[in-house]
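Join these two chains into a complex; the hints should help.
Residue-level listing of the chains:
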Amino acid sequence: MTTVDGLELTLGTELPALELPPISRGTLALFAGASHDHNPVHIDLDVARAAGFDDVFAHGMLSMAYLGRLLTGWAPQDRLMSWTARFVAITPVHGAPTCRGRVIQVGDGVARVDLSVQLADGTTTMTGEAVIAL
Amino acid sequence: MGVDRDAALGLTFPRYERVVERGELQAFAAAIGETDPMYHDPQAAVAAGHPDLPVPPTYFFSLELLAPRPFGYLDDLGIDIGSILHGSQQFTYHDLAHAGDRLVITSRLVDVFEKSAGALTFMVKESAFHRDEQLVATTGATVIVRRQPVPA
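Chains as they are written, first to last, in this note's numbering: chain U, 1 to 134; chain C, 135 to 286.
Just so you know, not all the hints are guaranteed correct.
A short list of chain U residues far from chain C (calculated; beta carbon distances all over 10 Å) [stated by the list, open to error]: (1) Leu-9; (2) Gly-12; (3) Thr-13; (4) Asp-46; (5) Asp-55; (6) Met-61; (7) Gly-68; (8) Gln-77; (9) Ala-85; (10) Arg-86; (11) His-94; (12) Ala-96; (13) Gln-105; (14) Gly-107; (15) Arg-112; (16) Thr-124.
Rough simulated footprint, nothing fancy, chain C against chain U, three-plus residues with beta-carbon under 8 Å [unchecked claim]: (17) 25–35; (18) 69–75.
No wet-lab data here; the hints were simulated from the structure.
Note that beta-carbon positions come from the ideal geometry of N, C-alpha and C, so glycine has one too.
Excised from the complex, chain C in its bound form (with noise of 0.2 Å):
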């Protein structure tokens, strides 16, 4: 098979820490053409009951690719970045983050299957953000894996 499944399941991610900005929220807001004023400005995400601007809901994937080395265990699986496709993603959240809190990520890679008589392998990538001890959110991608290049 293409990939080394024991090898995968078996891989540890570094523990991540950041602190999440709120320039950084702004400028995803802008980027995605955000109306609502309550994710832009602070005095708005207060007037909405907010302690500051709210994570987001996709933006923890963008807080997992500012850890070092984001794509890092698919060099540690001798897999090349462009045969990779992201298949799907999925979000569960136990609460709203905001800008100023501390978050710690874990991850993992958590399951590894094949399709098409190995020509695609699946990979389902978890990550768990944590404020204190309290779970915030997890992520889960699946990550396709060509045995071809991306074809013209």
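Next comes chain U alone, as it looks inside the complex (with noise of 0.2 Å):
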């Protein structure tokens, strides 16, 4: 075991998992005010219709902002050197993700977290990586 500013680092650590609660329309509204993604697929279920959608989804770039969270939550943000994160399936709306990550590497200075969002359902949503300063 490895403590870094009381970090706990070893194999296979697990970041305490991040549960959100379901999203809903108006987090959707916010999110796309905020985030400047102003894609109407995701807050306009005439669109989202039109697209051949039965209902708007949320944006992937909410549930990549979940996993900052995830890890910034765990270590501080100027640790963090670099990460990806996959769109794998989209989240409806009401869905709750939960974000998990797991220590799969230690060493040269860096430790690299293994990175997923789920839902409730247990759909993999989200796949991702990233790389922690020691």
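See below:
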């Protein structure tokens, strides 16, 4: 076990999961405005239906922002060197994401953290990896 | 192929300069349910050793969207915005940015490739964020262009 500034780092260490409440239409509207992503498919039911969806769905970058909260809630933000996320499945409105992270490598001054976001029904919506400076 | 690769890699994006505002970071923190006061309250940020509210990790993507015509490059390439998907997103940081920082954003398409026998075209857009002459962060967005509109 390595402890750096109170961070417990060893292979397999699980970050404290971040469980979000169901994503409301209001949250999507606020995130559209605050993130400057005005794609109407996330906020306008008529547009979503015209595009072939049953309903609006969450911005992928909202889930990545939640993963960002997972990371900065665990390690100071200036420790985050780089990260990547893949958008695997859409998050429907009312979906309740849970963000998880697990240390998969420690060495050479960095820790690598495997990241994922899952919905309550088990659907994985996002996978990723972060590099944290030690 | 669905996307003119040479045209895409040759595109020039206008340089974009912006001062990060406290209020926009507070609105973003509220929208994502951030609970750490350091991202809401300048005094809490100072107490945590920051000059002002830090720019959170994914907000650099939002700063790109504030540029004029953020999806203009799709129009320039004749790509319908309804045919694109965000495949993946990458961030690399060299320093923290804070409210009050003047950031200069430069973007370009760095890669274009096909998969699934041309049914999907992948484009990688990279953006660099400089404060004065210092590189603060880079972002990389992989955009997937579908030949067919999104199915029901």
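Checking the smallest CB distance to chain C, is U/Arg-86 really beyond 10 Å? Label violated. Min Cβ-Cβ 4 Å, cutoff 10 Å.
Assertion that U/Ala-96 lies outside the chain C interface [Cβ separation over 10 Å]: Holds, because the least Cβ-Cβ distance between U/Ala-96 and chain C comes to about 12 Å, which exceeds 10 Å.
Closest CB-CB distance from U/Gln-105 to chain C, is it above 10 Å? U/Gln-105 clear of chain C: closest Cβ-Cβ about 18 Å, beyond 10 Å.
Please settle this one: U/Leu-9 was flagged as non-interface, so is its CB more than 10 Å from every CB on chain C? holds (19 Å)
Separation of U/Thr-124 from chain C, once the least beta-carbon distance is taken, above 10 Å: At roughly 14 Å from the nearest Cβ of chain C, U/Thr-124 sits farther out than 10 Å, so the non-interface label holds.
Beyond 10 Å from every chain C Cβ - status for U/His-94: Label holds. Min Cβ-Cβ 15 Å, cutoff 10 Å.
Holds or violated: is the Cβ of U/Gly-12 farther than 10 Å from all Cβ atoms of chain C? holds (24 Å)
Is U/Arg-112 truly not at the interface, in the sense that its beta carbon sits beyond 10 Å from all beta carbons of chain C? Holds, because the least Cβ-Cβ distance between U/Arg-112 and chain C comes to about 14 Å, which exceeds 10 Å.
Status of U/Gly-107, Cβ more than 10 Å from any chain C Cβ: holds (20 Å)
U/Thr-13: least C-beta distance to chain C exceeds 10 Å? Given a closest Cβ separation of 20 Å, the condition holds.
Since U/Met-61 was said not to touch the interface, does its Cβ keep a gap of more than 10 Å from each Cβ of chain C? Violated, because the least Cβ-Cβ distance between U/Met-61 and chain C comes to about 6 Å, which does not exceed 10 Å.
Chain C versus U/Ala-85 - minimum CB to CB distance exceeding 10 Å, so not interface: Given that some Cβ of chain C is not farther than 10 Å from that of U/Ala-85, nearest at about 6 Å, it is violated.
The structure fails to meet hints 6, 7, 8, 9, 10 from the earlier list, while all remaining hints are met.
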